[in-house]
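If you're matching them up, the sequences are chains A and B in order. Numbering follows my numbering, with no gaps: position 252 of the first sequence is 445. Numbering follows my numbering, with no gaps: position 147 of the second sequence is 148.
Since the hints were derived computationally from the structure, they do not count as laboratory data. For every residue, glycine included, the Cβ atom is placed at its ideal position computed from N, Cα and C. A portion of the hints provided could be inaccurate.
[Stated by the list, open to error] Reference listing, derived: stretches of chain B covered by chain A, where coverage requires no fewer than 3 residues with Cβ under 8 Å from a Cβ of chain A:
#1 97-108
#2 126-136
#3 190-196
#4 201-211
#5 277-289
[What the hints assert, rightly or not] Think about it this way: if two alpha-carbon atoms lie no more than 20 Å apart in a straight line, the pair counts; the simulated EDC-like pairs of lysine to aspartate or glutamate are:
#6 LYS194(B) / GLU488(A)
#7 LYS504(A) / ASP530(A)
#8 LYS489(A) / ASP448(A)
#9 LYS20(B) / GLU309(A)
#10 LYS20(B) / ASP530(A)
#11 LYS469(A) / GLU99(B)
#12 LYS188(B) / ASP441(A)
#13 LYS439(A) / GLU99(B)
#14 LYS188(B) / GLU218(B)
#15 LYS44(B) / GLU99(B)
#16 LYS471(A) / GLU99(B)
#17 LYS489(A) / GLU99(B)
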Amino acid sequence: MNIHEYQAKEILSAYDIPVPRGRVAVTADQVERKAKMLGGRCVVKAQIYAGGRGKAGGVQVAYHPEQAHEIAKEMFGKRLVTPQTGPEGLKVRRILVEETVEVGREYYLSIALDRESSRYCFIASAEGGVNIEEVAATTPEKIHKLFIDPYTGLRGYQARRLAHAIGLEGSVAEDCVQLILNLYRCCLDKDCSLIEINPLVVTKAGWLLALDAKINFDDNALFRHWEYHEMQDYSQMEPLEISAGKFDLAYIKLDGNIGCMVNGAGLAMATLDVLKEKGGEPANFLDVGGGATREKVAEAFRIILQDKDVKGVFVNIFGGIMRCDVIAQGIIEAAGDSQCLLPIVVRMDGSQVEEGKSLLANSGLNVQCADFLGEGAERIVAMLKEFEEAE
Amino acid sequence: MSILINSQTKVIVQGITGKTGLFHTRECRAYGTNIVGGVTPGKGGIHVDGIPVFDTMEEAVRVTGGTVSMIFVPPPGAADAILEACDAGVDLVVCITEGVPVKDMVLTRRVLADSNTLLIGPNCPGLITPGQCKIGIMPGYIHKPGKIGVVSRSGTLTYEAVKQLTDVGLGQSTCVGIGGDPIIGMKFVDVLKRFNDDPDTEGVLMIGEIGGCAEEEAAAWVKENMTKPVAGFIAGRTAPPGKRMGHAGAIISGGKGRAEDKIAAMTACGITVATSPTTMGEAMLKALGQA
Chain A
194 MNIHEYQAKE ILSAYDIPVP RGRVAVTADQ VERKAKMLGG RCVVKAQIYA GGRGKAGGVQ
254 VAYHPEQAHE IAKEMFGKRL VTPQTGPEGL KVRRILVEET VEVGREYYLS IALDRESSRY
314 CFIASAEGGV NIEEVAATTP EKIHKLFIDP YTGLRGYQAR RLAHAIGLEG SVAEDCVQLI
374 LNLYRCCLDK DCSLIEINPL VVTKAGWLLA LDAKINFDDN ALFRHWEYHE MQDYSQMEPL
434 EISAGKFDLA YIKLDGNIGC MVNGAGLAMA TLDVLKEKGG EPANFLDVGG GATREKVAEA
494 FRIILQDKDV KGVFVNIFGG IMRCDVIAQG IIEAAGDSQC LLPIVVRMDG SQVEEGKSLL
554 ANSGLNVQCA DFLGEGAERI VAMLKEFEEA E
Chain B
2 MSILINSQTK VIVQGITGKT GLFHTRECRA YGTNIVGGVT PGKGGIHVDG IPVFDTMEEA
62 VRVTGGTVSM IFVPPPGAAD AILEACDAGV DLVVCITEGV PVKDMVLTRR VLADSNTLLI
122 GPNCPGLITP GQCKIGIMPG YIHKPGKIGV VSRSGTLTYE AVKQLTDVGL GQSTCVGIGG
182 DPIIGMKFVD VLKRFNDDPD TEGVLMIGEI GGCAEEEAAA WVKENMTKPV AGFIAGRTAP
242 PGKRMGHAGA IISGGKGRAE DKIAAMTACG ITVATSPTTM GEAMLKALGQ A
């Protein structure tokens, strides 16, 4: 789960990690007022669920409150497109107004899970800032990693070694040790899958400051952090993705016109691969979960049909233990409710396959069944073509 | 022959009285799995379908002599259940539970690394030695006893792969779903090693997907050590680059993780990679020199 920069900074601040003074605003007038409170000169930062904002114009310095108002007015309502948002961009609904900082030097610091070692890992570099991925790719020796043994936790000397590795010395290095220890505590307490401070800066006056901050929470741990549900900003998400989330369905909108419903993420990805191979364009990725139930299948079908781009539906359910007649009933129920005339191809495997097929055949829907994955994909692509030609 | 489990394996089910746990206990038993006991704290002393239920794993193992545990405990207690099984000294823990917090798994995996207990999962379909023993939620009927080992990160895609193997006439020695979570117990390499050492496994089908670099690691191991033909498939070739946040993931993976990187690494290491998910069975035949 993602949260905004200003929320991440509130959390870090609660762990004694220094952040610039700032306030969040939802209108241009508010931005102007907060700018005045900060003395006029300020940084106006668009709050979206993606990075790369700076280069896209989502972070700008204002020299007086009226200018902050102007910048904010332009940002609000606009869709900010960055390399991390996808081509459609994200709407700006909230803006963080922050004091300006005299930056001495920029560093990079993050903690994330490392799959290979199955441990949390700190990553630090003296080359912080917007080009950090390039630094990692071209000069990996400038990236320092610290893996944490969960038995010992993070020790002070390890944090010190990391601070020295990125070239910090004296009292700033000791401040950084404390910051790293606090960051680790925060990561565990809050079940974060990522905390990234980029840049971490040393100001000209010699203070450490988290100038930007990103936090991702581990979705699996949300059950023990009810406070996170209120932090979610739904304006940053696809409406259909939100309704899918309510039914515990993994849905991602894509650019094509064939709606897909599959059980299991791996099989869902493989299904998209086959559709493309056969010349089709999937309209979405939708995983109804390994053990799809009738209710979930029906909900998933409704969500797919709400997407106006969908001109046909391909269902690929490899249940095995699930009963295909029950799955068929779910499809018929949802398609009937939505008065769906679109071509549908259903590929099911499991018990009661024949009963499921005959239910579908007698449903009055424009549906065909397939026994194999490739055959099903070919059929929906062909049906779609016929359907489009007939129109 | 087979790896990890066979007709002699004695299984204890943790979370046996829950809806899912009981359903799959019955399914596994119907397949022929020897389920000797179950554990649900607070329900010790009762029997379900004639299977004795215990309060703790320690007692269950002591009384029944079970050596493998299958876990259906919900996420908040799943890591605890794995640690309890490990503490009770079972050889293998199969955690089916989906949604275990990463933080819990970091510590759990560290404890397991210092023990003699192996873990499969979490968030996995389990494993099956066709005709002998099924410990998991996969449909038994698509499998057929034979000589191909299957190892996969995915659930239902594994069923598809197994069905294709059976359809082209290739039976399976053992099929292992290692799970798709960031932190899992046995990885591709751990399973490949056992298939390599199993005299009755003649070839291996390895199913991966985008993300992480476990497939690249496995491919390098295959090149150095594997004496048997390996075929493979990677799901997600056409997946759009995900919306993401932050740089740490990209820095950690160092440019690995995309389908084309994995396919290239696997091919370079002598693995026959199926270009389409519809040709996984054929790819295995090809690797065996039978196509």
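For each hint, the structure was consulted:
no.: 1; hint: 97-108; verdict: holds (count 9)
no.: 2; hint: 126-136; verdict: violated (count 1)
no.: 3; hint: 190-196; verdict: violated (count 0)
no.: 4; hint: 201-211; verdict: holds (count 3)
no.: 5; hint: 277-289; verdict: holds (count 3)
no.: 6; hint: LYS194(B) / GLU488(A); verdict: 42 Å, violated
no.: 7; hint: LYS504(A) / ASP530(A); verdict: 17 Å, holds
no.: 8; hint: LYS489(A) / ASP448(A); verdict: 23 Å, violated
no.: 9; hint: LYS20(B) / GLU309(A); verdict: 34 Å, violated
no.: 10; hint: LYS20(B) / ASP530(A); verdict: 30 Å, violated
no.: 11; hint: LYS469(A) / GLU99(B); verdict: 30 Å, violated
no.: 12; hint: LYS188(B) / ASP441(A); verdict: 27 Å, violated
no.: 13; hint: LYS439(A) / GLU99(B); verdict: 17 Å, holds
no.: 14; hint: LYS188(B) / GLU218(B); verdict: 10 Å, holds
no.: 15; hint: LYS44(B) / GLU99(B); verdict: 23 Å, violated
no.: 16; hint: LYS471(A) / GLU99(B); verdict: 33 Å, violated
no.: 17; hint: LYS489(A) / GLU99(B); verdict: 17 Å, holds
Hints 2, 3, 6, 8, 9, 10, 11, 12, 15, 16 from the earlier list are contradicted by this structure; the remaining hints agree with it.
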